[in-house]
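Q: Sequence:
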Amino acid sequence: MMKRYIEICKPLWTLLPEGTIHEDERLCKHTYTQMGGAADLFITPQSYEETQTVLKFAHEHRVPVTLLGNGSNVIVKDGGIRGITLSLKKLNTITCTGVELVAQTGATIIEASRRARDAELTGLEFACGIPGTVGGAFYMNAGAYGGQIADVLESVLVLTEQGEFKTLSKEEFDFDYRKSVFSAKRYIALEGTFRLQKGDMAQIQAKMDELTIARETKQPLEYPSCGSVFKRPPGMFAGKLIQDSGLQGTRIGGAEVSKKHAGFIVNVDNATATEYMSLVRHVQQTVKDKFGVELETEVITIGEDIEEPVSD
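Each residue of the sequence shown is one higher than the last, beginning at 37 in the working numbering.
Think of the hints as simulated: they come from the structure by calculation, not from any bench.
There's no promise every hint is true.
[To be verified] In silico lysine-lysine, DSS-like type, Cα no more than 27 Å apart, as pairs:
(1) Lys296 / Lys65
(2) Lys221 / Lys206
(3) Lys221 / Lys254
(4) Lys221 / Lys276
(5) Lys276 / Lys326
(6) Lys324 / Lys202
(7) Lys202 / Lys254
(8) Lys126 / Lys267
(9) Lys267 / Lys326
(10) Lys125 / Lys206
(11) Lys92 / Lys296
(12) Lys125 / Lys202
[Claimed, not checked] The following label-pair restraints were derived from C-beta to C-beta distances:
(13) Pro269 / Thr133: 18 to 26 Å
(14) Asp280 / Glu258: 22 to 30 Å
(15) Trp49 / Asp245: 21 to 29 Å
Here a beta-carbon is modelled for each residue, glycine too, at the ideal position from N, C-alpha and C.
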């Protein structure tokens with residue numbers, strides 16, 4: 037299947053600049069967990085027009101497209117990803133005008149919060165430690181410490197699966213807890229406009245410092261991970277349920293339930309995605325057996341399992 041998609045996509049080499057397409061790219065280099073198999077084709081467009089070219093080609097030739105942001109809230113399975121894996125990391129410009137900040141979606145949301153601070157704009161302090169792209173923040177309605185993207189995002193330029201440009205207003209985002217119209221309709225977000233407020237730089241920096249200390253003291257940032265693995269059950273905390281189940285320190289292969297924060301599963305010894313997901317399922321089953329609560333994953337799982345060899 038891998039070779040079939042590569043052959044189908046050969047014309048893209050003539051449509052995109054040299055160095056834009058990477059064949060059989062190992063995705064463990066592009067994920068925070070440092071796990072995952074290879075992408076048939078890993079494409080890094082440098083403009084909106086190049087992104088449109090990829091999507092139109094893929095739609096016309098029925099090649100699947102998977103969008104990969106900063107790889108901070110995703111698990112790529114060991115079998116890798118078929119078709120095209122699209123990365124917008126080269127689309128990372130951020131500009132400020134008045135109280136508006138416009139960020140391309142390949143930029144990190146941390147850098148967007150810093151640029152807002154430098155322009156003395158308040159409203160993005162909550163994002164100062166979220167390890168994802170601006171686009172990833174849109175898709176998941178990212179939030180932390182009382183703030184969320186839904187509070188500050190005004191409009192977003194997207195490409196549809198068919199390669200058509202479209203601008204969405206905030207009334208069309210359909211934001212919910214870790215959900216949005218961008219993920220539901222498989223839009224490729226290109227840039228977003230944030231409406232912020234004028235603030236005092238010293239106060240903004242003080243708030244960012246406070247949140248950074250809170251994050252560093254409570255989260256196991258010293259190990260590769262995908263961040264918080266599970267959604268918060270209504271009226272409860274996933275980490276507390278896992279901790280009370282006696283699961284901290286539990287390991288499967290190189291994956292371990294963090295001893296520092298039970299809501300994190302960390303890669304402590306070259307874990308595979310298969311080991312990681314086995315531990316996720318073990319945590320879910322244990323919490324369900326002990327408390328009757330079904331933990332739902334917040335992390336996104338993509339790709340395919342490794343095909344088992346067929347014996348003669």
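Q: Hint by hint, where does the structure go against what was stated? Just the numbers, ascending.
A: 3, 4, 6, 7, 8, 11, 13, 15
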